[in-house]
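S.K.: Chains as they are written, first to last, in this note's numbering: chain L, 5 to 162; chain V, 3 to 757; chain E, 31 to 112.
These aren't lab readings, by the way, just hints derived from the structure by calculation. Where a beta carbon is used, it is the ideal one built from N, C-alpha and C, also for glycine. Wrong hints could be hidden among the right ones.
Pulled from the structure, derived: some chain V residues nowhere near chain E, Cβ distances all over 10 Å [to be verified]:
(1) Gly162
(2) Met342
(3) Ile506
(4) Glu520
(5) Glu561
(6) Ala572
(7) Gly604
(8) Ala605
No more than 30 Å apart at the CA atoms, straight line, and that leaves these computed lysine-lysine pairs for DSSO-like [as the list claims (entries may be wrong)]:
(9) Lys502/V x Lys420/V
(10) Lys145/V x Lys198/V
(11) Lys17/V x Lys411/V
(12) Lys417/V x Lys59/E
(13) Lys59/E x Lys420/V
(14) Lys128/V x Lys145/V
(15) Lys186/V x Lys15/V
(16) Lys169/V x Lys186/V
(17) Lys431/V x Lys198/V
(18) Lys198/V x Lys589/V
(19) Lys169/V x Lys198/V
(20) Lys145/V x Lys59/E
(21) Lys431/V x Lys420/V
(22) Lys78/E x Lys417/V
(23) Lys411/V x Lys78/E
(24) Lys69/V x Lys411/V
(25) Lys753/V x Lys15/V
(26) Lys169/V x Lys78/E
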Amino acid sequence: MSQVHVTTTINGDEVEYLCEAEETLLDVLRDRLGLTGAKEGCGSGDCGACSVMLDGRLVCSCLVLGAEAQGSKVETIEGMAAGETLHPLQRKFIEHAALQCGICTPGFLVAAKALLERNPDPSESEVRYWLAGNLCRCTGYDKIVRAVLDTAAEMRGA
Amino acid sequence: MPLDVKPGLEARKFKLVGTRPLRPDGIDKVTGRARFGADMSAPGMLVGRILRSPHAHARIRSIDVSKAAALPGVKAIVTRDDFGDCPDDLVDIRDNVMAREKALYEGHAVAAVAAVSASVARQALKLIEVDYEVLPHVTDVEKAALPDAPLLHDDMVTQGLEETPAKPSNIASRCQFGHGDVDKGFAQADLVVERKFRTEATHQGYIEPHACLATMASDGQADLWVCTQGHYYVREACAGLLGMDLSMLRVTASEIGGGFGGKTTVFLEPVALALSRKSNRPVKLVMSRDEVFKASGPTSSSSIWVKIGVTRDGRITAAEALIKFQGGAYAGSPITLGAMSAFACYALENVKSVGYDVVVNRPKQASYRAPGAPMVAFAVESVIDEIAGQLGMDPVDLRLVNAVNDGDKSSYGPKLPKVGLRQTLEAAKAHPHYTAPLGPNQGRGIACGFWFNFGGQTCVSLNLNVDGTVALAVGTPDIGGSRASMSLIAAEELGIPYEKVRCIVADTSSLGHNDITEGSRVTFSSGLATIEAARSCIQVLCARAARIWDIPPEAVVWEDGHARPAGPNAGEFEPMSLAEIARLAPKTGGPIAGHAEINAGGAGVSFATHLVDSEVDPETGRVSIVRYTVIQDAGKAIHPAYVEGQYQGGAVQGIGWALNEEYIYGEDGRLQNAGFLDYRIPVASDLPMIDTVIVEVPNPRHPYGVRGVGETSIVPPLAAIANSVSAAAGVRLAELPMSPPRVLAAIDGMKAAAE
Amino acid sequence: MVEVQIWGSLQQAADGRATVEIADVATVKALFSALAEAHPGLAPHLEKGVSVSIDGQIFNDAWFEPIPDGSEVCILPRITGG
């Protein structure tokens, strides 16, 4: 069985890879491209730990085939900071202690960034519902929600 | 030189401890750079996969791996034949890691392969032929205890009975705790309430599945990268199962994506090492989410009966409990801890708790945050609530009448040292939550909880760099932000800025033995060892300054990060900072360090009171949490943001356990909901903000007063929520989870009874 | 002299006794030896692992922890966590 050849853009860089037909985009990112920021928590699209942006849309990369990324634009957690300057969300998560073990954090950051790009002034309820697709077992979500609301306020003010 | 820190509370003002600096692993975790269990790879790495029993109970007559071995790309296969003699205390672990005569639960590992890719490994599993003789199974704790239940172990004879039974059964053991005479106590009561409760099995629900990377060379030296709460324990278990010296196995703890007790044992690791040994290549073995649910260590389901008698003014005269836990297919549910902690919040003259540990055809249980305590607290605190209702007494007042004080005899035996339960109850009563108005279909519940916490073997190594910065090596995996707390403690002791300390978790070859990160022990134990190591280092610093000044070492004191002469008689010398002394270290005797190797005792127990308001939808049975407040005694909060985090996380796991999480088994003995869709843990939209109050009643056995905090927070929620839902629905809920179908059934049952 | 309390289901191994009086033991190790001598049924349990509470403070594997005269000592099942 021959592998599929894919050309795509990841975090602004043109990338080429070979993958099996049945490999997911998550598998490709982690096992072929060394981008282990996206995590496999469930493999079935229920936990959001593998969240990435695909052509501007928030998706679970475990539900996208590696082959489907052909010609697309992929954005992962690794592209969120600009060099050594953290995105405000990343900074606020640390400040608010919005992470404990940190395994869900990349997924939450990608999802929260997608939210704030659509809705710069979400209510607490809107934040909670947008992030309902990201599971966290450590924090109880309280500090995560506070960090996102605080970031939204800062980004509006700045 | 080692230093014995006297185990007593020190009165002092802190400069750094108690503040909220940024955690050292923060940037790595928000950029995706942090390496968890499945994030590591090695050249030539193979992919491992495990073949698991589809049957809940079956004799394994034979395993034929020949076709799988012949598949191109398969480099090693292991079965029960690859695991030989092992120490007695590892026999059940060995059996659980790879089934021997019988598969005892659906998901029990039967064989494993290592292949060049995941797809080859998957194909190989399909080619392994296992001849099963399917046997009758039992998954329910009550049914398994009946005399005609299918028998899991031919040699299991109930321990702890007055007469050892002649026949084997599924009841592994009986335990009993308490003192006084409960029959006499009940006779003295004006009101006696008794009730039976049931809870279902739940999973710790960590988002990161078990994962490891094992590399074993042909000379027997091995390296293991693994997400774990206890890499020294992993070393001990794997070395024991593979017949290795401890020094030959170097285990490195990766960042861990949640544990909560579920990663305090081994599942994959011995198998990965065995595959690596056979193939002579690194092997990466990762569980799928399905495997995590079916083949790691959920907690026990239970059946609990509680009876409490009180006088008219609310004083408890007797309390009794009968508790049954199933611990999966092997003995070892947390029944003793559950039975011991049942009535721990109350000062009682007459108390008796009896527990049974039962085996069933389910995966072998593992600890889950205060193992055994949440279920039992659910039962006891529900009955207390009923009593308050029947007496017309405020539920906090009823608890205050009976709450333990310093020096009271605990229900599990020892006299209690200084404790903070009363303070949490009083804080609850004073909190605005307690008097917040309630809407229609809303109810308020309150419950108390207790956990032992403990110390244990701990090593710390603290090394000064010549630029005055500090390398702090601890051996307890960081599951809650402990690196930040250890850095705070070291900086506080040394008198230097927090940013000058870098804390890492050392591997098993770099530091002496550390017990598992569990029992809420790290801030207490690694903290104590860090204090000792820092003070030991200070002795060296002072000795170096003394030599430089040519005065006796006793004439030098350490203050504010500087060595200074003890008094005017010692001589007139400018104080020397830690950085200045460190810079001169090469000339004054070499590198400067401090270290500590301790068996920490004297951990302080911790108590909590939780307040919950919930709303029940009478049409759907759905419960929403409207308001939640955690009030818990931390002794001394080293880093308050991380203490709050533990309070909130424990409360939310409790919310999931109370309202929705359960292992659902089919008639076929198979798990029906082995994924996050149907094993639904709380999500952000289910919850309000979780308010927290940190009470500080210092632990007299720790220099800063630290008590463990990680576990107590999951003990009250089940009861507090049950009390709240029962109040909102107008009927007592005695079965968990209180999912919509159960709540509706209770409401409908109450309506029917009224007609 | 210390009065050692034995938890409920272990009392059977101590010939049915809930408390055992032991004289002249300065450490946990000495206590274990004395207990095993007085009640041989206790020996395997002490060997397998128990927790010891001395005046309310709990210790695991602490042979040389001192036991002050007159202190309250309890033998408990080994306390672990999660």
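S.K.: All hints are to be evaluated individually against the structure, with a verdict given for each.
M.R.: A quick look at each hint next to the structure:
{"no.": "1", "hint": "Gly162", "result": "violated (4 Å)"}
{"no.": "2", "hint": "Met342", "result": "violated (7 Å)"}
{"no.": "3", "hint": "Ile506", "result": "holds (24 Å)"}
{"no.": "4", "hint": "Glu520", "result": "violated (4 Å)"}
{"no.": "5", "hint": "Glu561", "result": "holds (32 Å)"}
{"no.": "6", "hint": "Ala572", "result": "holds (36 Å)"}
{"no.": "7", "hint": "Gly604", "result": "violated (4 Å)"}
{"no.": "8", "hint": "Ala605", "result": "violated (7 Å)"}
{"no.": "9", "hint": "Lys502/V x Lys420/V", "result": "violated (35 Å)"}
{"no.": "10", "hint": "Lys145/V x Lys198/V", "result": "holds (16 Å)"}
{"no.": "11", "hint": "Lys17/V x Lys411/V", "result": "violated (37 Å)"}
{"no.": "12", "hint": "Lys417/V x Lys59/E", "result": "holds (21 Å)"}
{"no.": "13", "hint": "Lys59/E x Lys420/V", "result": "holds (27 Å)"}
{"no.": "14", "hint": "Lys128/V x Lys145/V", "result": "violated (34 Å)"}
{"no.": "15", "hint": "Lys186/V x Lys15/V", "result": "violated (50 Å)"}
{"no.": "16", "hint": "Lys169/V x Lys186/V", "result": "violated (35 Å)"}
{"no.": "17", "hint": "Lys431/V x Lys198/V", "result": "holds (29 Å)"}
{"no.": "18", "hint": "Lys198/V x Lys589/V", "result": "violated (73 Å)"}
{"no.": "19", "hint": "Lys169/V x Lys198/V", "result": "holds (29 Å)"}
{"no.": "20", "hint": "Lys145/V x Lys59/E", "result": "violated (43 Å)"}
{"no.": "21", "hint": "Lys431/V x Lys420/V", "result": "holds (21 Å)"}
{"no.": "22", "hint": "Lys78/E x Lys417/V", "result": "holds (24 Å)"}
{"no.": "23", "hint": "Lys411/V x Lys78/E", "result": "holds (26 Å)"}
{"no.": "24", "hint": "Lys69/V x Lys411/V", "result": "violated (64 Å)"}
{"no.": "25", "hint": "Lys753/V x Lys15/V", "result": "violated (60 Å)"}
{"no.": "26", "hint": "Lys169/V x Lys78/E", "result": "holds (24 Å)"}
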